[in-house]
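J.: Sequence:
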Amino acid sequence: MLAHAAGVPQTELPTDIAAAELASASPERVVEIVSAHPASSLGWAILAERSLAADTPAETLIAYAYARTGYHRGLDALRRAGWRGSGPVPWEHEPNRGFLRALWALSVAAGRIGEAEEQDRCSQFLRDSSETAYRELAG
Numbered sequence: 001m002l003a004h005a006a007g008v009p010q011t012e013l014p015t016d017i018a019a020a021e022l023a024s025a026s027p028e029r030v031v032e033i034v035s036a037h038p039a040s041s042l043g044w045a046i047l048a049e050r051s052l053a054a055d056t057p058a059e060t061l062i063a064y065a066y067a068r069t070g071y072h073r074g075l076d077a078l079r080r081a082g083w084r085g086s087g088p089v090p091w092e093h094e095p096n097r098g099f100l101r102a103l104w105a106l107s108v109a110a111g112r113i114g115e116a117e118e119q120d121r122c123s124q125f126l127r128d129s130s131e132t133a134y135r136e137l138a139g
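The sequence shown begins at 1 in UniProt numbering and counts up by one.
Think of the hints as simulated: they come from the structure by calculation, not from any bench.
Ideal Cβ placement from N, Cα and C applies to all residues, glycine included.
Possibly wrong hints are sitting among the right ones.
Said to hold, decoys possible - Computed spacing ranges between beta-carbons, pair by pair: (1) E32 - S86: 31 to 39 Å; (2) A138 - H72: 16 to 24 Å; (3) E32 - R84: 32 to 40 Å; (4) A54 - G82: 31 to 39 Å; (5) G7 - G111: 28 to 36 Å; (6) G85 - S26: 33 to 41 Å; (7) A58 - P9: 35 to 43 Å; (8) E32 - V8: 36 to 44 Å; (9) D120 - S35: 31 to 39 Å; (10) S86 - P14: 29 to 37 Å; (11) S24 - Q124: 27 to 35 Å.
Between the sequences and the hints, there should be enough to build the whole structure, so can you do that?
T.: Next up, the structure:
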């Protein structure tokens with residue numbers, strides 16, 4: 001963890017073990033990679049984003065499940081990295097992006113299934129974690 005200007009420590013996750021494989025993976029291969037590396041928030045985020053892009057009720061529910069899994073795997077990783085429930089998780093640190101993308105996908109999927117409170121909570125959590133991530137993903 002690095003000290004943030006406001007005194008709140010920022011958290012930088014270690015490199016996602018699946019990131020290199022996911023970078024060039026076909027849609028079919030992503031499922032195999034995530035199956036081999038289920039702790040990869042990035043993998044779950046990619047699956048969630050693809051399901052959200054399909055924009056059907058069934059795929060939205062699937063996206064919600066993928067995003068929730070990626071979010072929880074990310075929380076586990078953040079805690080192992082010293083995160084104490086708050087503080088910056090900078091978008092600029094590439095390994096953090098899987099968690100941040102899963103968090104945003106969860107917000108979007110929650111909104112689509114009528115979970116407005118969860119949508120708002122996840123959106124605010126993203127903003128609190130990284131304003132840059134919020135701008136990149138919501139913009």
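J.: Indicate, hint by hint, whether the structure satisfies it.
T.: Here is how each hint holds up against the structure:
For E32 paired with S86, a C-beta distance near 35 Å keeps the hint of 31 to 39 Å intact. Range check, A138 to H72: about 21 Å between beta-carbon atoms, so the 16 to 24 Å window is met. E32 and R84 have their C-beta atoms about 35 Å apart, which keeps the hinted 32 to 40 Å range intact. Checking the proposed 31 to 39 Å range against A54 and G82 shows it holds: the Cβ atoms sit about 37 Å from each other.
A C-beta distance of roughly 33 Å is found between G7 and G111, which places it inside the suggested range of 28 to 36 Å. Distance hint for G85 and S26: a CB-CB separation of about 37 Å, consistent with the stated range 33 to 41 Å. Distance hint for A58 and P9: a CB-CB separation of about 41 Å, consistent with the stated range 35 to 43 Å. Checking the proposed 36 to 44 Å range against E32 and V8 shows it holds: the Cβ atoms sit about 39 Å from each other.
Remark: the range hint 31 to 39 Å for D120 to S35 is upheld by a beta-carbon distance near 32 Å. Under the hint 29 to 37 Å, the C-beta atoms of S86 and P14, about 20 Å apart, miss the expected range. Take S24 and Q124: their Cβ atoms lie about 34 Å apart, and the range 27 to 35 Å holds.
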